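Visitor: The residues making up each chain are set out below.
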Amino acid sequence: MSTINYSEKIPNNVNLGEDRTLQRALEGWQPNFINWWDDVGPEGSTNHEVYLRTAVSVDPQGWAQFGHVKMRDYRWGIFLNPGDANREIHFGDHKGEKAWQDVPGEHRANLRRIIVTQGDTEPASVEQQRHLGLTAPSMYDLRNLFQINVEEGRHLWAMVYLLHKHFGRDGREEAEALLQRTSGDQDNPRILGAFNEKTPDWLAFFMFTYFTDRDGKFQLAALAESAFDPLARTTKFMLTEEAHHMFVGESGVSRVLARTAQVMNELKTDDPQKVRAAGAIDLGTIQRYLNFHYSVTIDLFGADQSSNAAIFYSSGLKGRYEEGKRGDDHVLKGQTYKVLEVKDGQLVEKDVPMLNALNEVLRDDFIKDSVAGVGRWNKVLEKAGIPTRLTVPHKAFNRQIGALAGIKMSPEGRVVNDMEWAAKRDEWLPSAEDFAFVASLMGRVVEPGKFAGWISPPVMGINRQPVDFEYVRFG
Amino acid sequence: MDMAVEAGVIKQHLIDPEICIRCNTCEATCPVNAITHDDNNYVVRADVCNGCMACISPCPTGSIDNWRTMPLVRAYTIEEQLSWESLPAELTPEELEAAGVSAEAAGDAAAAVPAQTQAQAQAAVESVEPAFNSAQYGATVPPWSAAHAYTNLFAPKSPTTATVVGNFNCTEAGFDSETHHIVLDFGVVPFPVLEGQSIGIIPPGVDATAKRHHARQYSVASPRNGERPGYNNVSLTVKRVTEDHQGDPVRGVCSNYVCDLKVGDTVQVVGPFGSSFLMPNHPKSHIVMICTGTGSAPMRAMTEWRRRLRKSGKFEGGKLMLFFGARTQQELPYFGPLQSLPKDFIDINLAFSRTPGQPKRYVQDLMRERAADLAALLKDGASHFYVCGLKSMEEGVVLALRDVAKEAGLDWDTVGAALKREGRLHLETY
Numbered sequence: 001m002s003t004i005n006y007s008e009k010i011p012n013n014v015n016l017g018e019d020r021t022l023q024r025a026l027e028g029w030q031p032n033f034i035n036w037w038d039d040v041g042p043e044g045s046t047n048h049e050v051y052l053r054t055a056v057s058v059d060p061q062g063w064a065q066f067g068h069v070k071m072r073d074y075r076w077g078i079f080l081n082p083g084d085a086n087r088e089i090h091f092g093d094h095k096g097e098k099a100w101q102d103v104p105g106e107h108r109a110n111l112r113r114i115i116v117t118q119g120d121t122e123p124a125s126v127e128q129q130r131h132l133g134l135t136a137p138s139m140y141d142l143r144n145l146f147q148i149n150v151e152e153g154r155h156l157w158a159m160v161y162l163l164h165k166h167f168g169r170d171g172r173e174e175a176e177a178l179l180q181r182t183s184g185d186q187d188n189p190r191i192l193g194a195f196n197e198k199t200p201d202w203l204a205f206f207m208f209t210y211f212t213d214r215d216g217k218f219q220l221a222a223l224a225e226s227a228f229d230p231l232a233r234t235t236k237f238m239l240t241e242e243a244h245h246m247f248v249g250e251s252g253v254s255r256v257l258a259r260t261a262q263v264m265n266e267l268k269t270d271d272p273q274k275v276r277a278a279g280a281i282d283l284g285t286i287q288r289y290l291n292f293h294y295s296v297t298i299d300l301f302g303a304d305q306s307s308n309a310a311i312f313y314s315s316g317l318k319g320r321y322e323e324g325k326r327g328d329d330h331v332l333k334g335q336t337y338k339v340l341e342v343k344d345g346q347l348v349e350k351d352v353p354m355l356n357a358l359n360e361v362l363r364d365d366f367i368k369d370s371v372a373g374v375g376r377w378n379k380v381l382e383k384a385g386i387p388t389r390l391t392v393p394h395k396a397f398n399r400q401i402g403a404l405a406g407i408k409m410s411p412e413g414r415v416v417n418d419m420e421w422a423a424k425r426d427e428w429l430p431s432a433e434d435f436a437f438v439a440s441l442m443g444r445v446v447e448p449g450k451f452a453g454w455i456s457p458p459v460m461g462i463n464r465q466p467v468d469f470e471y472v473r474f475g
Numbered sequence: 001m002d003m004a005v006e007a008g009v010i011k012q013h014l015i016d017p018e019i020c021i022r023c024n025t026c027e028a029t030c031p032v033n034a035i036t037h038d039d040n041n042y043v044v045r046a047d048v049c050n051g052c053m054a055c056i057s058p059c060p061t062g063s064i065d066n067w068r069t070m071p072l073v074r075a076y077t078i079e080e081q082l083s084w085e086s087l088p089a090e091l092t093p094e095e096l097e098a099a100g101v102s103a104e105a106a107g108d109a110a111a112a113v114p115a116q117t118q119a120q121a122q123a124a125v126e127s128v129e130p131a132f133n134s135a136q137y138g139a140t141v142p143p144w145s146a147a148h149a150y151t152n153l154f155a156p157k158s159p160t161t162a163t164v165v166g167n168f169n170c171t172e173a174g175f176d177s178e179t180h181h182i183v184l185d186f187g188v189v190p191f192p193v194l195e196g197q198s199i200g201i202i203p204p205g206v207d208a209t210a211k212r213h214h215a216r217q218y219s220v221a222s223p224r225n226g227e228r229p230g231y232n233n234v235s236l237t238v239k240r241v242t243e244d245h246q247g248d249p250v251r252g253v254c255s256n257y258v259c260d261l262k263v264g265d266t267v268q269v270v271g272p273f274g275s276s277f278l279m280p281n282h283p284k285s286h287i288v289m290i291c292t293g294t295g296s297a298p299m300r301a302m303t304e305w306r307r308r309l310r311k312s313g314k315f316e317g318g319k320l321m322l323f324f325g326a327r328t329q330q331e332l333p334y335f336g337p338l339q340s341l342p343k344d345f346i347d348i349n350l351a352f353s354r355t356p357g358q359p360k361r362y363v364q365d366l367m368r369e370r371a372a373d374l375a376a377l378l379k380d381g382a383s384h385f386y387v388c389g390l391k392s393m394e395e396g397v398v399l400a401l402r403d404v405a406k407e408a409g410l411d412w413d414t415v416g417a418a419l420k421r422e423g424r425l426h427l428e429t430y
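In the order they appear, the protein sequences are chains A and B.
Residue numbers for the first sequence follow my numbering, beginning at 1 and rising by one.
Residue numbers for the second sequence follow my numbering, beginning at 1 and rising by one.
Derived from the structure by calculation, the hints contain no laboratory data.
These numbers were taken from a predicted model, which means no experiment stands behind them.
Beta carbons are placed, not taken as given, at the ideal position from N, Cα and C, and that holds for glycine.
Be aware that one or more of the hints could be misleading.
[What the hints assert, rightly or not] Estimated spans, in silico, between C-beta atoms of each pair:
hint	chain 1	residue 1	chain 2	residue 2	range
1	A	67	B	217	36 to 42 Å
2	B	136	A	372	55 to 61 Å
3	B	83	A	108	46 to 52 Å
4	A	47	B	430	44 to 50 Å
5	B	78	A	382	23 to 29 Å
6	A	8	B	408	19 to 25 Å
7	B	430	A	385	24 to 30 Å
8	A	47	B	284	22 to 28 Å
9	A	266	B	311	39 to 45 Å
10	B	86	A	82	23 to 29 Å
11	A	8	B	74	49 to 55 Å
12	A	333	B	83	37 to 43 Å
My request is simple: use the sequences and hints to build the entire structure.
Guide: Now the structure itself:
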């Protein structure tokens, strides 16, 4: 089960060849996927040979095989973690029952919705990152971008497999639609807001992979607990790949900070204009990018009170992050959780039923994880002797979803009026001028071992390769 | 030996908190649940980790591949690791000794983890195939286009005399393993050599049994027209031997003599030797050089000859590829000069096995990474492969070549036999 059969048109470890109908359906979807990749995948990269990680099996020895591959020839396919035939549902109303191998009729619509929503995010990031290859700050970074892109493509495959195998004609139609929506398209956008935002430059890309792919980690981890076993197994494998995306973001921002700190120390200045003039990104701009990506990403967890979240949990479709490690009853009836709301111009906490607050629970887990990483970024500044520290804005800052949507709030969590918001907006969120400045730094550097002036080289290369390794061979 | 102390040393597996991004992949991967975390750090339970390495390759950052030799009683606890902001330094030999750990026991522990994985890899190979004998692929004939080599012009009983005209340290000063570049001049005595040949030096004096020392052989590091072109001189690459293979202190009789030579001293020389480890002269031939340490001498000779030919416009198209291994960059002979060679002239791949804070890399690891290029060269009948250095590298290198060939869809038995028959694979290890 663990070895992936690459001799088939669609590499897989799910014995696809034994289900002719499913195989034909997926083989029908495959050319559309390749067309989509050619149309909106990484721009101008058709002939590049990229040093990519490709799984040959899903066990630890086999899933991280490296070699130069043309991205279009990347072996996308269907890889599920090995299953446990005796696995039991470990939360919600069905706790203790055997995990489902097929979709129970009563949960069909909800499961389909969960899978489509997850699936929709995967091609969206590829679309959002389409132009970044043309402005890569190094060959190392270019390779990381492409690795992320092919894995997003594979994660799309994972969700499409579930739709085709378990949801009949509806599933096939939903799978088609995944390739028809386009990030940022006026008429047919991606389902979730953050996935229609632009990723105009590499600082945005690093913030996106740090925050938004971390949302992916928490969503996938919650789905990996699912009573629907095929979903749990697929998302578990996706999680191992998602780690690299977060790594690109976390180390990317670290390297930007390291370079900024270096320039500040060399010039003995904290004047943003002088830092900018020296070709580095000033800390204020980095903080504003952080504020934006953080606030947009925490919206992805959905409304702070949600009856859907309660249904998803109680019916066993979606658990909590690290459900198995929690010490409570895993049913959560009669428990409460604190959520925020604005009352009389003040932020106040109120208790709501725990089951209805599960989006907020997952959001808070995410926030804790994010904040810890921002602390690690601050270590870079601390080590360089720079007194400034980055912070995450208040949870209610710049929110568009849930009870906090539309509330005007400073990053410190003070409710402000429209006038103050308008006056301070450009101090808190990236301005047109910030974007224009960062865009002005985006030139392409692709000579092995060379890095753009606004970013430091990484601590070590990919797969123990030297930093100046030829990660991309240009065709 | 104090067994209690020896058993009390471990190679502790640790995660570098400065590089780790807390993605949870290692914890999800570990088959024995040795990895855990809190809000601050991901850590490894020393008493549970069995060094199976399953967590190593899935880690996206490389932070997981850290190991420290520790007395068992002082192994870092989970609580200590959870509080770290950076990895503690390796204990010094003095600190280890103070904790009752002999250098030998520490060395054993240090070797334990790689040895275990090597043994596993070996077992995997052996379970499907008969034992691999790398030596059987080594050629005994030179390439067809090699120049004619003169051998044994001066026998041990009638050595000639050469004068030292140069002696300098070609590794970074201050490191234990000093390697010297020695230049010997033969004046008007005929002593023609080709790249890949060696000469013998007879150290003065007698050995413990009062017999004259016998000659020690060194590969020539200069090209055929001399270290200084047009002069009758050769250069050698000699490492000062201060410990034996077990790490016990020992004074290499000849290496120390040669490394201590002063300009103007004379030495007794025999040779030249060798008629098969010779470079092709065909202008489109490719040369793949794989070496460690002073095994670089013949590679330097060949590279320099090609460089001189290229400079004079007499060379077309033949590729040069070098895989060079050393413990650290500082110990790598000719590191500086190598760096200044143009990239379009030679494709250099350096492997360091003991760079602090970096994973161990050996030449065969690099070869596997460059499989695509090596496969293309293996398919080309104009390619020649030279292996020179420590005996222990030979099997791994030939196995890597075999695997590269297999992965490229080539039949290794055919390719390997052709390499041997056509004088295109040469093994010289010691």
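Visitor: Give a verdict on every hint.
Guide: We went through each hint and held it up to the structure:
1. A/67 with B/217: 36 to 42 Å: 40 Å, holds
2. B/136 with A/372: 55 to 61 Å: 56 Å, holds
3. B/83 with A/108: 46 to 52 Å: Holds, since residue 83 of chain B and residue 108 of chain A (Cβ atoms, about 49 Å apart) stay within the stated range.
4. A/47 with B/430: 44 to 50 Å: Taking Cβ atoms as reference, residue 47 of chain A and residue 430 of chain B lie about 45 Å apart, which means the hint holds.
5. B/78 with A/382: 23 to 29 Å: Roughly 25 Å apart at Cβ, these two residues keep to the hinted range, so it holds.
6. A/8 with B/408: 19 to 25 Å: 22 Å, holds
7. B/430 with A/385: 24 to 30 Å: 51 Å, violated
8. A/47 with B/284: 22 to 28 Å: Hint holds: Cβ distance 27 Å, inside 22 to 28 Å.
9. A/266 with B/311: 39 to 45 Å: 40 Å, holds
10. B/86 with A/82: 23 to 29 Å: 37 Å, violated
11. A/8 with B/74: 49 to 55 Å: 53 Å, holds
12. A/333 with B/83: 37 to 43 Å: At 38 Å between Cβs, range holds.
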